[in-house]
Amino acid sequence: MELTYTPEQIAFRAEVRAWLKHNLPAEPLASYDTREGFEQHRAWEAKLFDSRLSMVMWPAELGGRGCGLIEWLIFEEEYYGAGAPMRVNQNGQLLLGPTLMEFGTEQQKKHFLPRMAASTDMWAQGWSEPNAGSDMAAITSKALLDGDHYVLNGQKTWSTRAIYADWLFGLFRSEPGSTRHHGLSFLMVPLNAPGVSIRPIKALNGKDAFAEVFFDDVRVPVANRIGAQGEGWHVAMATAGFERGLLLRSPARFQYTARKLVELYLAHQASADRDPGLRDAVQDCWMTAEAYALSAYHTVGRLSQGAQIGAESSINKIIWSELDLKMHETAMRLLGARGELLASAPAAGDAGGWLEGFLFAQSGPIYAGTNEIQRNIIAERMLGLPK
Amino acid sequence: MDFTFSDDQLTFREAISRFLMTEAAPEMLREIWDTDAGRSPDLRNKIASQGLTALSVPEAEGGLGMDDVAWALMTQELGYYAIPDSLADTAYVAAGLLASLPVDHPARARLLPRIAEGSVRLAIGHPINPLVSDAQLAEVLILCDGDAIHAIPRAEVDVEANPSIDASRRLGRVSWRASAATLLIDGEQGHALQARLLDRGALSVAGQLLGLAQRMLDLSVDYVAQRKQFGKPIGSFQAVKHHLADVARQIEQAKPVLYRAAHGLARGDASAGRWVSQARLACCEASWLAARKGIQVHGAMGYTWEVDLQMFMKRAWSLDAAWGDRGFHKSRVGDYLFAAGARLGPGHTFED
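First to last, the sequence lines map onto chains A and B. With the first letter of the first sequence counted as 1, position 338 gets the number 338 in this note's numbering; the numbers rise by one all the way through. With the first letter of the second sequence counted as 1, position 172 gets the number 172 in this note's numbering; the numbers rise by one all the way through.
FYI, nobody ran anything at the bench for these hints, they're computed from the structure. Built from N, CA and C at the ideal position, the CB exists for glycine as well. Do not take every clue at face value.
What the hints assert, rightly or not - For lysine-lysine, the following BS3-like pairs were computed, each having C-alpha atoms within a straight-line distance of at most 30 Å:
{"hint": "1", "chain 1": "B", "residue 1": "Lys232", "chain 2": "A", "residue 2": "Lys387"}
{"hint": "2", "chain 1": "A", "residue 1": "Lys260", "chain 2": "A", "residue 2": "Lys202"}
{"hint": "3", "chain 1": "B", "residue 1": "Lys314", "chain 2": "B", "residue 2": "Lys228"}
{"hint": "4", "chain 1": "A", "residue 1": "Lys47", "chain 2": "A", "residue 2": "Lys21"}
{"hint": "5", "chain 1": "A", "residue 1": "Lys387", "chain 2": "B", "residue 2": "Lys228"}
{"hint": "6", "chain 1": "A", "residue 1": "Lys110", "chain 2": "A", "residue 2": "Lys142"}
Claimed, not checked - Incomplete in silico selection of chain B near chain A, CB under 7 Å:
{"hint": "7", "residue": "Met1"}
{"hint": "8", "residue": "Ile128"}
{"hint": "9", "residue": "Ala245"}
{"hint": "10", "residue": "Ala248"}
{"hint": "11", "residue": "Glu252"}
{"hint": "12", "residue": "Pro256"}
{"hint": "13", "residue": "Gly334"}
{"hint": "14", "residue": "Leu344"}
Okay, chain A solo, but in the shape it has when bound (with noise of 0.2 Å):
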């Protein structure tokens, strides 16, 4: 054990440091839940593309640096440290990217991740319907074998952002009278083909965030599956493992607004402090985010002596989501009265930016497999209780 960085990872992170410095944007960046931030993100990504800074794990011929996972962990940390924006193609990137370069072709990995880097494809998901959520083996859209092609028919839903998205990633059985996790293939679908249609749905934000997507005799080759006929469950669990485990939500966001909730506490200390519980809470809060990233440097540990990440990856999401959940309930109640209000009241001084957080921190618990789900895969896969 030696917890201490080398002299090429102090000089990684001041590079990354002054890199963020000096191309930050100025101002910050419109919601990417709505088409104008959705393109500023894509420029941003495209900015950090350049630079090799958008994928820094990937290698350098997929436009990365190579990098290991303590630097991705430094990268991070300087990242959101600097309060840099929102990753608007982390479904892609995070997600897809690794699906990709375990299971992918020559060819797909070739095609379709530096573009993936680069956010000129911006990617939605495809998992959910609307009768199968936390079941996802019920799932029904078709994708039926013609020719050099499948026939998509069917409907997605719960797709973050797929109005302004490029393609879309997800499960269909193909084949026919196939039940649960049999008979499901892998597909990428670029969502301007004919016949694709997509309906937004407003979140709580009153944003289009999320969206249906219907499929009416959409015509996808053969060449967008990723992995064999049929055994797209398998491909699609590993994804849902990426998704859960250590790359979707690094620990440095968290930390991030660990600390801009101590701020928040200290700037309104007076009266926080009539809530003998607030001052508490907000120390949970930052100690359970300093226990995440060092839980997070653990795993790297483990993974560098051969490990695998297993059940875990669902104690990270409940660790996340539920600090993300309770970091925000704590700064609404110590805006109190001011916490209702819009980041455009002009009464909301420093409340604006907490009420979006507070808003998309209840969905935490939900997306990437609710926390439900996560602890009966706690109990049965790392406790062994029976189903």
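Let chain A serve as the given structure and place chain B on it in line with the hints.
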């Protein structure tokens, strides 16, 4: 950046765990509870023969020269098996103090080799603890007086026994008189060593609490997998699963917090005290929850004397406030967190 244990550390832990599994079974703990001394010289000798008492004694003084990081693993084993002994007080906390004395200090040669061979029991009195664990049985007591630290023979102190709900804990109120003859160290050095004594005591408890939490979780998993109601194991019901998943989460969340603190202590980092307090709070949370959920999923059986869960619960409850209660440890973290100029946020996780 290497947040892993060495093969040596892991192999040693595995050996101690296997040893304690056979030598410290719950039936034996119950027998030892019923003895007057509450201690088994035989068990202690066997543990010493495994090398555990020599773990952090410097090699020059007959020990293995390992550090706090190794103890972060070993204290979990001591907790997991609820060893009816204050072994870590002597072998870890007191040895750590003695090994921090100047190299020519006579107490080193007098006590460290004997700690390594397992032939001496020390008890430690620190102002953070109102009572002294194993004061009655110790050969030598390490006691604090102002900034000074003394080592005083058992024959020169009076001990009033104070029974605990955990029959393995033998607590005493100690009356004594400091003298020049008993002085180990004083002044600034004494003050600094008292602070480190507290940190090691608190870390030792943190590790034990985490081990206790794991044992209570394991016992609970075994129980709910066997116990049937409504025609199936109660462990198949989500309400029960989720209780235990929450315990597993708290345990996993606490581990790296404990390990960072141990590493910081071994390296003598200025932040070590705060990190120890964070570790203590995380481990207290895990063991407290493991006890509460453990008894809940055991149903009425958990409330009995007969079922083993009680031994581990009682130890967890007893240790919760040893070497600093939660208020003390929360204050140490809060004093840093809410002070002007605190370096918070991403990138400062390991910063000294």
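- Message: Tell me the numbers of any earlier hints that the structure contravenes, in ascending order.
- Response: 8
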